[in-house]
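So the protein lines, in turn, are chains L and D.
All the letters of the first sequence, read from the start, carry residue numbers 1 to 272 under my numbering.
All the letters of the second sequence, read from the start, carry residue numbers 273 to 693 under my numbering.
Check each hint, because a few of them may be wrong.
What the hints assert, rightly or not - Selected chain D positions facing chain L (in silico; Cβ < 7 Å):
1. 398
2. 406
3. 435
4. 466
Unchecked claim - Example chain D residues on the side facing chain L (calculated, C-beta under 7 Å, incomplete):
5. 409
6. 478
7. 584
Simulated from the structure, these hints should not be mistaken for lab results.
Bear in mind the structure is a predicted one, so any value in this text is a computation, not a measurement.
For every residue, glycine included, the Cβ atom is placed at its ideal position computed from N, Cα and C.
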Amino acid sequence: MHGALAGGLLATATVPDALTFAVAAIISVVGALGVVLSRNPVHSALMLIMTLFGVAVLFVEEDAQFLAAVQVIVYAGAIVVLFLFVIMLLGVDRNESIAAEPMPAQRWLAVALGVLGLAEVILLARGKWPTGAHTVAGPLHGTGQANVAVLGRSVFTSYLLPFEITSALLVIAVIGAVVLARRPRGSGEDVDPSIGPRVDSGEIVAGGGGSAGRGGAGAGAGSAGAGSAGAVSPEQSIQAERAAGELVTAGEPFGAVLKEAEGVSIVQRRES
Amino acid sequence: MPDPLFAHGVGLAVILIAVVKVVAIFAVLLVTVMMMIWVERKVISDMQNRIGPNRAGPFGILQSLADGIKLFFKEDLLPERADRIIFKLAPYLTLVPAFLIFTVVPVGGIVTIAGHAVELQVADPPMGILFLLALSSVSVYGTMLAGWSSGSKYPLLGSVRASAQMISYEAAMGLSVVAVVLQTHTLSTRGIVLAQAPHFWKWGVFTTGIIPFVIFWIAGTAELNRPPFDLVEGEQELVGGFNTEYSSIRFAMFYLAEFMNMVTMSAIMVTLFFGGPDGPGFHFLRWLWPILWFAGKTGVFLYVYVWIRAALPRLRYDQLMDVGWKTLIPLSLGWLLVIAGADLHVGWLFGVLGGVILAGLVLSQALNVSRRRRELEAETAGRGRVTRVAEQIRLRALAAASTAASASSSSAASTDEGGER
């Protein structure tokens, strides 16, 4: 399994091999410790990248160049970027209190699981199988191209079903995320309460039209109420409802406006 | 394909050759970048009917050097709210990938130096083109962390924009690279170049049917944050973008990286789609012609980048995302299927082509519907803040009117639920 690039190098000497392994292993371990020990989440994410690079180097050393490249592309290039993106957007980077532990038991659980995992790895490393002797995907022998070819063949033939199931799982996850994140705009019911003060559009319209224009029945009830009130046309009440929904979905920047809107509904309630 | 340099063991000469290759590429790249900065300024000036730099050296050719020296000696400012380590790290995270990507680009053929066959490229890893994609995804970090670590609002906005943009366009870029790999049957850059020789109709741009090239070009421009995709440094709305807080040599590094990425991206386009160093040679100085061909082709792309910058206005942010996600990615995916079908059989080709066209029509219809729906919602709910506030005022008027109405008819409408609450 001697690589294309340094075939002669690896065949003749194992010192560079050992050196590369040592450096990569140190990088990985230091990075992993950094992920856990950094106080700043952004630093943790950067340490994670360091670990990923160390592991990628180890992959290259095992002649799994494709795996190394994919590791960097997918994990370092996409997933950790996403982490950082979320950290930046949510602004949890500052003033994060670590001392306050929401679940006190989880620290001990984490330590226990970590020790267990380490013990398992050590146990496995003492046996014969983990070092590639029992690789399930078949040997990745040959120079250069064979690596990718063997991997591709095994993924699309012997391991087709797990591969397809994994991709289906990912698609389901994506669709689930879209469904959960999507709020139909303009309907006051699907407002995420965490975004801002909850203002039920129905209440505003209820005050306005004198009816309980809540949710699904909003339009009909609103128009009925408007009919009884006589001062507001149905279109106007629908528009008002939509506007209120929009106000709420617009979220924080319109906090002031929202408070005003709330004030309106409170005034309405008191008066009626 | 193994590197012939290491075929007969590693001696002192081999190590020396490898080091010389690295240093040579580094130096050439740096000089090219400095020249490129000057060329860009000159060409843009010409297109805008100005003279441009003309003081330092003949035709102002040393202007970049002068700027570099100036930046080097300027005060290095560190914002008080900055994250010190990352603020200092970010320029390197931008610059190093820019250098490293160029190492896999074959700039010439194979020459013999002191009895050793030497590939004119620093390294030829078996997954060279994946190395390129990996590094280009890593280069996001420089921009992203520079903005974040500045501890300032505008750089943060710029970097968030940048990362979103780069991630979005990376997918389309990767898919168009896959099209080339599908045709050349190799991931090694040297192999890709060799598969495109010796006739120009075997170049990637023709064998993959132009579309992947166009997609790669657009996506590559977006990846570089060059106009028309330079929202990252929108001066009007973000002061200067992600590098607002940087000064002195750190700023120079960002600047250098930007131009270096431009050179590298052009070189990669040449490698993937235009046969790299492939071109007619002559009997004398055999080793020189491939290098000249490579340099010439790269130069054309560099010029076009400058031209685009002078000619095209900046995209709006939603347009940018629309182009990336709704046009380029589906298109490159569909075209990839078509190429794969063509590789198999003519019947497959037409089958897949039909399927892709059908899927494209369905997709465009779906996008149309969603766009119309959004427009409808925008119409009813009001566009922008001003309209929303106006709507709000109307709402209050409405409420006031109905208060009067409900007050007058409260006795009559006492059965209403709303009245009871």
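Going down the list of hints, with the structure as the test:
1. 398: holds, 4 Å
2. 406: Since chain L brings a Cβ to about 4 Å from residue 406 of chain D, closer than 7 Å, the hint holds.
3. 435: holds, 6 Å
4. 466: Result: violated, 13 Å to nearest chain L Cβ.
5. 409: Since the shortest Cβ distance to chain L is 3 Å, the answer is holds.
6. 478: This interface hint is violated because 23 Å lies over the 7 Å limit.
7. 584: Since the shortest Cβ distance to chain L is 27 Å, the answer is violated.
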